[in-house]
Amino acid sequence: MYGIVDCDNCYVSCERVFRPDLVGKPVVVLSNNDGCVVARSNEAKALGITAGIPYYQLAEKFPDQKIAVFSSNYELYGELTGRVVEIIKKEAPAYFRYSIDECFVKLNGIADLKPWGENLSKTIKQSVGIPVSIGIAPNKTLAKIASRFAKKYRGYRHCCVIDNEEKRRKALSLTGIEDIWGIGRRYTSRIVSSGIKTALDLAKMPESWVRSTFNNIVMLRTWRELNGDDCVPDEQMAAKKSICTSRSFNGMISDISQLRTHIDNYAARCAEKLRMQKTVATILGVFLNTNPFREDLPQYYNFLETRLITPSNSTITIVKTANALLEQLYRPGYRYKKAGVIVMGIAPDSPIQQDLFDTDAEMIAKMRRLDTVVDRINKVNGTETIVLCSQQYPSQNGTGKAEIFANAIKHDFKSANPTTRWSDIIRLK
Amino acid sequence: MAKISIIEGEFEKSLSLQLTESIRAGFPSPAEDYLHESLDFNRDLIRNPQATFYGRVEGNSMIEAGINDGDIAVIDRAAEPQDGDIVVCYINNEFTIKYLDLTHRAEGYIELRPANKDFKPIRINADDDFEVWGVVVWTIKNWKRY
Numbered sequence: 001m002y003g004i005v006d007c008d009n010c011y012v013s014c015e016r017v018f019r020p021d022l023v024g025k026p027v028v029v030l031s032n033n034d035g036c037v038v039a040r041s042n043e044a045k046a047l048g049i050t051a052g053i054p055y056y057q058l059a060e061k062f063p064d065q066k067i068a069v070f071s072s073n074y075e076l077y078g079e080l081t082g083r084v085v086e087i088i089k090k091e092a093p094a095y096f097r098y099s100i101d102e103c104f105v106k107l108n109g110i111a112d113l114k115p116w117g118e119n120l121s122k123t124i125k126q127s128v129g130i131p132v133s134i135g136i137a138p139n140k141t142l143a144k145i146a147s148r149f150a151k152k153y154r155g156y157r158h159c160c161v162i163d164n165e166e167k168r169r170k171a172l173s174l175t176g177i178e179d180i181w182g183i184g185r186r187y188t189s190r191i192v193s194s195g196i197k198t199a200l201d202l203a204k205m206p207e208s209w210v211r212s213t214f215n216n217i218v219m220l221r222t223w224r225e226l227n228g229d230d231c232v233p234d235e236q237m238a239a240k241k242s243i244c245t246s247r248s249f250n251g252m253i254s255d256i257s258q259l260r261t262h263i264d265n266y267a268a269r270c271a272e273k274l275r276m277q278k279t280v281a282t283i284l285g286v287f288l289n290t291n292p293f294r295e296d297l298p299q300y301y302n303f304l305e306t307r308l309i310t311p312s313n314s315t316i317t318i319v320k321t322a323n324a325l326l327e328q329l330y331r332p333g334y335r336y337k338k339a340g341v342i343v344m345g346i347a348p349d350s351p352i353q354q355d356l357f358d359t360d361a362e363m364i365a366k367m368r369r370l371d372t373v374v375d376r377i378n379k380v381n382g383t384e385t386i387v388l389c390s391q392q393y394p395s396q397n398g399t400g401k402a403e404i405f406a407n408a409i410k411h412d413f414k415s416a417n418p419t420t421r422w423s424d425i426i427r428l429k
Numbered sequence: 430m431a432k433i434s435i436i437e438g439e440f441e442k443s444l445s446l447q448l449t450e451s452i453r454a455g456f457p458s459p460a461e462d463y464l465h466e467s468l469d470f471n472r473d474l475i476r477n478p479q480a481t482f483y484g485r486v487e488g489n490s491m492i493e494a495g496i497n498d499g500d501i502a503v504i505d506r507a508a509e510p511q512d513g514d515i516v517v518c519y520i521n522n523e524f525t526i527k528y529l530d531l532t533h534r535a536e537g538y539i540e541l542r543p544a545n546k547d548f549k550p551i552r553i554n555a556d557d558d559f560e561v562w563g564v565v566v567w568t569i570k571n572w573k574r575y
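The listed protein sequences correspond, in order, to chains P and V.
Number 244 in the numbering used here belongs to position 244 of the first sequence; there are no gaps in the numbering.
Whatever position you read off the second sequence (first residue = 1), add 429 for the numbering used here.
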């Protein structure tokens, strides 16, 4: 059997750990740069606040509501969800972290699954303060569906188990196509337009129809799992195959030197993430977009990638390579809205395939030592204590380079970091 | 409950294990059979790392309990709060540190008692929305600054 442990309204729940007064009240968390709503409490959803609504529309559309607003604080969310994963690790025979707020578990050998799940949810709530919902079923797709029920109905006490044919049919008949894990928006509309409304309808279609309509292995696996088979491979839930760091800018940017600072920060983040999961990347890509909503302006989109001679996770190498790609991508005369860095071809950190033409092993070892030291300093003293010079933004008053990335992005409503900075630990009166 | 002695992540680095030294030297060390892991606060004092949070004391409400302004409190959310424990609660939009007094539970209320005559106990009625945020397991005082 498989389980999925999912933090309820994750970012909101993290904020509430240190603001228990906000439990039961409408709370939203904004995207980077305070652009739009990315997380909502149940109370905020009940008010009719939709996901993705721009922040400036909140006050216009909900003028008489008291809504608690937070800028996203990933330092806090990362730390608290890390605690949740540590608890899961102790309780489950095997686990795969799937995203910041979701973790798959394998439950072989556990006899009483329902009490196991209820108990895990209770332990996490008490220890960390974050409510989680747990779905348990014979495969990952059905476990995801079970978790939706655990979240939706209090009667499940945070854990829903699909463990027989009757429960499977019942759950599928109450699940829409758009709520099936692994079916994207495009396929959803295709399925719905052929008159199929629920997951049960889809499961009942013959295999030949699925094959001929989609000719897609992922879709076939999903269909099989809806019918009870276990066939989505475990890798699909394990380490990510690519890492992308991208942002929409606060405003638009035409100047290449400003773009460079952004790209260098995204690249540095990718390198850091690679080192965190003890991997290296083989391919690096950079993309650059203008604003598609501004049809009055000239549009330009481009993506370029290159192979790293030696697979790397070094900040300096990855930033340099990303920079070179940006030079090729950049066209003057456009106003850019978004850029990003993607690393792919991710492999374990050692042993790295050394390239014949890149024989400077001594330099690689030196960079590695440097990164280790920088990571350590940034871990102890807070992220971005040490950055590359090229990662710094001009200071507010225009005198030289001073601002780090975290300060250059807009976050007017950011909470403190009581679990990662001594200066922010809670005050006890 | 089993005592948890494995500390993850950052904590691990503070363990100093000296197991390889004697092997490399070629001579069997007479201490070899007596090797033991070094004492480690993170490992030995923190029972539930995932449930442990820190707070800084402000003010003098717990001064007679030996808890002063500026002390650091180690808070365990997984510990079951019991009568007489020092606890952290969230009341009137702030965290407060007080003794938990459950002796009046039968009469329909509990109290959060300060350890300072100048402060009044906080009474919480059974139907108030109230939760103990965590239990204080240690306090740390700094006597000399480096």
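If you're looking for bench data, these hints aren't it; they were derived computationally from the structure.
Just so it is clear, the structure is predicted and the values come from calculations on it, not from any experiment.
Ideal Cβ placement from N, Cα and C applies to all residues, glycine included.
Careful: at least some of the hints might be erroneous.
Stated by the list, open to error - Heads up, simulated PhoX-like pairs for lysine-lysine below, C-alpha to C-alpha not over 20 angstroms straight-line:
| no. | chain 1 | residue 1 | chain 2 | residue 2 |
| --- | --- | --- | --- | --- |
| 1 | P | Lys61 | P | Lys45 |
| 2 | P | Lys273 | P | Lys379 |
| 3 | P | Lys45 | P | Lys90 |
| 4 | P | Lys25 | P | Lys114 |
| 5 | P | Lys45 | P | Lys114 |
| 6 | P | Lys106 | V | Lys570 |
| 7 | P | Lys61 | P | Lys114 |
| 8 | V | Lys573 | P | Lys429 |
| 9 | P | Lys429 | V | Lys570 |
Said to hold, decoys possible - Derived Cβ-Cβ restraints for the label pairs, each shown as a range:
| no. | chain 1 | residue 1 | chain 2 | residue 2 | range |
| --- | --- | --- | --- | --- | --- |
| 10 | V | Asp547 | P | Leu22 | 51 to 61 angstroms |
| 11 | V | Leu531 | P | Arg154 | 51 to 61 angstroms |
| 12 | P | Gly182 | V | Phe470 | 41 to 51 angstroms |
| 13 | V | Leu474 | P | Met344 | 22 to 32 angstroms |
| 14 | P | Asp412 | V | Gly537 | 27 to 37 angstroms |
| 15 | V | Gly537 | P | Asn108 | 13 to 23 angstroms |
| 16 | P | Thr372 | V | Gly537 | 56 to 66 angstroms |
| 17 | V | Asp547 | P | Asn108 | 13 to 23 angstroms |
| 18 | V | Leu531 | P | Arg427 | 42 to 52 angstroms |
| 19 | V | Phe559 | P | Leu304 | 38 to 48 angstroms |
Hint-by-hint comparison with the structure:
Restraint check: the Cα-Cα separation between Lys61/P and Lys45/P comes to about 14 angstroms, which is no more than 20 angstroms; the hinted pair holds. Using a Cα cut-off of 20 angstroms, the hinted pair Lys273/P and Lys379/P holds, with the two alpha carbons roughly 13 angstroms apart. Distance hint between Lys45/P and Lys90/P is unfulfilled; the C-alpha atoms sit about 33 angstroms from each other, more than 20 angstroms. Between Lys25/P and Lys114/P, the direct Cα distance comes to roughly 30 angstroms. Violation of the 20 angstroms bound is thereby established for this hinted pair.
Using a Cα cut-off of 20 angstroms, the hinted pair Lys45/P and Lys114/P is violated, with the two alpha carbons roughly 28 angstroms apart. With a C-alpha separation of about 44 angstroms, the suggested pair Lys106/P and Lys570/V falls outside the 20 angstroms cut-off, and the hint is violated. As the CA atoms of Lys61/P and Lys114/P are separated by approximately 42 angstroms, the hinted pair breaks the 20 angstroms bound. The suggested pairing of Lys573/V with Lys429/P is violated, with an alpha-carbon distance near 24 angstroms, which exceeds 20 angstroms.
This hinted pair checks out: Lys429/P and Lys570/V have alpha carbons roughly 16 angstroms apart, not beyond 20 angstroms. For Asp547/V and Leu22/P, the Cβ-Cβ distance of about 31 angstroms falls outside the hinted range of 51 to 61 angstroms, so the restraint is violated. Between Leu531/V and Arg154/P the beta carbon distance is about 28 angstroms. The supplied range of 51 to 61 angstroms is therefore violated. The given range of 41 to 51 angstroms is respected by Gly182/P and Phe470/V, whose C-beta atoms sit roughly 46 angstroms from each other.
Take Leu474/V and Met344/P: their Cβ atoms lie about 44 angstroms apart, and the range 22 to 32 angstroms is violated. The supplied range of 27 to 37 angstroms is broken by Asp412/P and Gly537/V, whose beta-carbon atoms lie about 44 angstroms from each other. For the hinted restraint 13 to 23 angstroms between Gly537/V and Asn108/P, the CB-CB distance of approximately 48 angstroms leaves it violated. Distance hint check: the CB atoms of Thr372/P and Gly537/V are about 59 angstroms apart, consistent with the given range 56 to 66 angstroms.
At roughly 59 angstroms, the beta carbons of Asp547/V and Asn108/P sit outside the given window of 13 to 23 angstroms. Taking 42 to 52 angstroms as the suggested C-beta distance range, the pair Leu531/V and Arg427/P does not conform, at roughly 25 angstroms. Checked against the given bound of 38 to 48 angstroms, the beta carbons of Phe559/V and Leu304/P, roughly 58 angstroms apart, lie outside it.
This entry does not satisfy hints 3, 4, 5, 6, 7, 8, 10, 11, 13, 14, 15, 17, 18 and 19, going by the numbered hints stated previously.
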